[in-house]
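Asker: These are the residues of each chain, in order.
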Amino acid sequence: MTPTSDVVTVQVLLFARFAELLGAERLVLELPRPATLQSVLDRVLALPGGAGLPARPLLARNQTQAPPDTPLEDGDEVAVLPPLAGG
Amino acid sequence: MPFLRESPLDLTGLIAAVTSPERGGIASFLGLVRDHHGGRAVQRLEYSAYAPMAEKECAAILAEAHERWPMAQVALEHRVGALEIGDAAVAVAAAAPHRDEAFSACRYVIEEVKRRVPIWKREYYADGTVGWVDPTAPGGAVPARPEAGQAS
Numbered sequence: 732m733t734p735t736s737d738v739v740t741v742q743v744l745l746f747a748r749f750a751e752l753l754g755a756e757r758l759v760l761e762l763p764r765p766a767t768l769q770s771v772l773d774r775v776l777a778l779p780g781g782a783g784l785p786a787r788p789l790l791a792r793n794q795t796q797a798p799p800d801t802p803l804e805d806g807d808e809v810a811v812l813p814p815l816a817g818g
Numbered sequence: 008m009p010f011l012r013e014s015p016l017d018l019t020g021l022i023a024a025v026t027s028p029e030r031g032g033i034a035s036f037l038g039l040v041r042d043h044h045g046g047r048a049v050q051r052l053e054y055s056a057y058a059p060m061a062e063k064e065c066a067a068i069l070a071e072a073h074e075r076w077p078m079a080q081v082a083l084e085h086r087v088g089a090l091e092i093g094d095a096a097v098a099v100a101a102a103a104p105h106r107d108e109a110f111s112a113c114r115y116v117i118e119e120v121k122r123r124v125p126i127w128k129r130e131y132y133a134d135g136t137v138g139w140v141d142p143t144a145p146g147g148a149v150p151a152r153p154e155a156g157q158a159s
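Chains A and B supply the protein sequences, listed in that same order.
Mind the numbering: the first sequence is residues 732 to 818 in this note's numbering, read in order.
Mind the numbering: the second sequence is residues 8 to 159 in this note's numbering, read in order.
This is chain B alone, in the form it adopts within the complex (with noise of 0.2 Å):
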């Protein structure tokens, strides 16, 4: 099961796939599309990958989320492609016998996705300029080139 989705994630899906009977907590995280960054007015972007750098590194974010927390059941998709505000571009459920190792477990793939996953965001701005989030750069941003950009 690819990690990288070009169509809208399902995170009732995710948490169906980890749910037992041994585990009585879920937890869960949406991350979402949000109309601004950097205090500019974003109204659309996309997602693109080294897509089979990605899936190796989510499967082993999931792996090593099962060794620390043996009894955790993690799930994990990822957007890739054009997506609108609001859009769920990061899903992830996490289930375990109790909450405490829930939560852990699904704060750490998270984290790991943010920090290791190869994918990169492409920032269609309200003022008509286009820019790559870059979480090092000041503002979290540099432009782009907007001819580049008129794929759709």
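Pulled out of the complex, with its shape left as it was, chain A reads as follows (with noise of 0.2 Å):
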């Protein structure tokens, strides 16, 4: 058993107005396993600016929208989405 074993390591992406709160497009966060997109949400809800966010935004796993409970696993691709306005 290695130490890394330990903790679930994840990108997570930040877009738009989110991105401008937090003063930052990308973070990379260490968690405990278990982690869920929820523990990423919590964390990022708890950075300087986070306190703007939504309490519950859309999240994504390896672009797939997935609900705060979603497993993680080390090196998935997170995204905090701000609400869509495409078309």
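Quick caveat, the hints were computed from the structure, so don't treat them as lab data.
Be careful, since some hints might not be right.
A partial selection of chain A residues facing chain B, derived with a Cβ cut-off under 7 Å [stated by the list, open to error]:
1) E751
2) A810
3) G818
Keep in mind that this is a model prediction, so the values were computed, not measured.
Heads up, the beta-carbon is just placed ideally off N, CA and C, and yes, glycines get one too.
Got two chains here, separate frames each, mind docking them using the hints?
Answerer: The following block contains the structure:
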């Protein structure tokens, strides 16, 4: 067992207004296992500027929208999505 | 062929791409940048996207349309980057043997694009302020930080 097995490292992408609020478009987070999308959201909301985000934004795991209780694996790409405004 | 485009959209090209001898009806939709939003004068805007997910969603939407209307052929493009008033932001062309399927498939695709594709719109208003379009917010937009929008 290596120490890295106790944590999940994920890349977190922020967009549009959320990237503005957090001052970053990309974060790398290390989360204790078991980690879910909600774990990522909790960490993001606690960052400086995170209070400006809604409590329940849209979330995506590996480019697919997913609910907050979705488990995460090492190397996952997580996205926190502001309200969509295409079209 | 990517659905997200950084250059002007070509509805004529989309129509040509879906045209075939057995499809006698083509419905199209062209969404343009309008000069007002929520009672405010808009001067220009910028679309940004989570590109890999947006491409996947667009492909999934077209696959769903094909499943629902197997005889229909639909093409779609969405603009990203800086747009001026009147520029085409989204274009859909749907061809089918008859008009019912063409209209239905076209409508389905544009509505799903608006509902599911991760794209965001930053509006620059005539009064010098900037806002992120938020269809869930009262008034439809929330203020952006002007200093982050001085790209041009």
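Asker: The structure should be examined with respect to each hint, and the outcome stated for every one.
Answerer: Right, here's what the structure says about each hint:
no.	hint	result
1	E751	5 Å, holds
2	A810	6 Å, holds
3	G818	4 Å, holds
Figure legend: structure checked against the earlier numbered hints; every hint is met.
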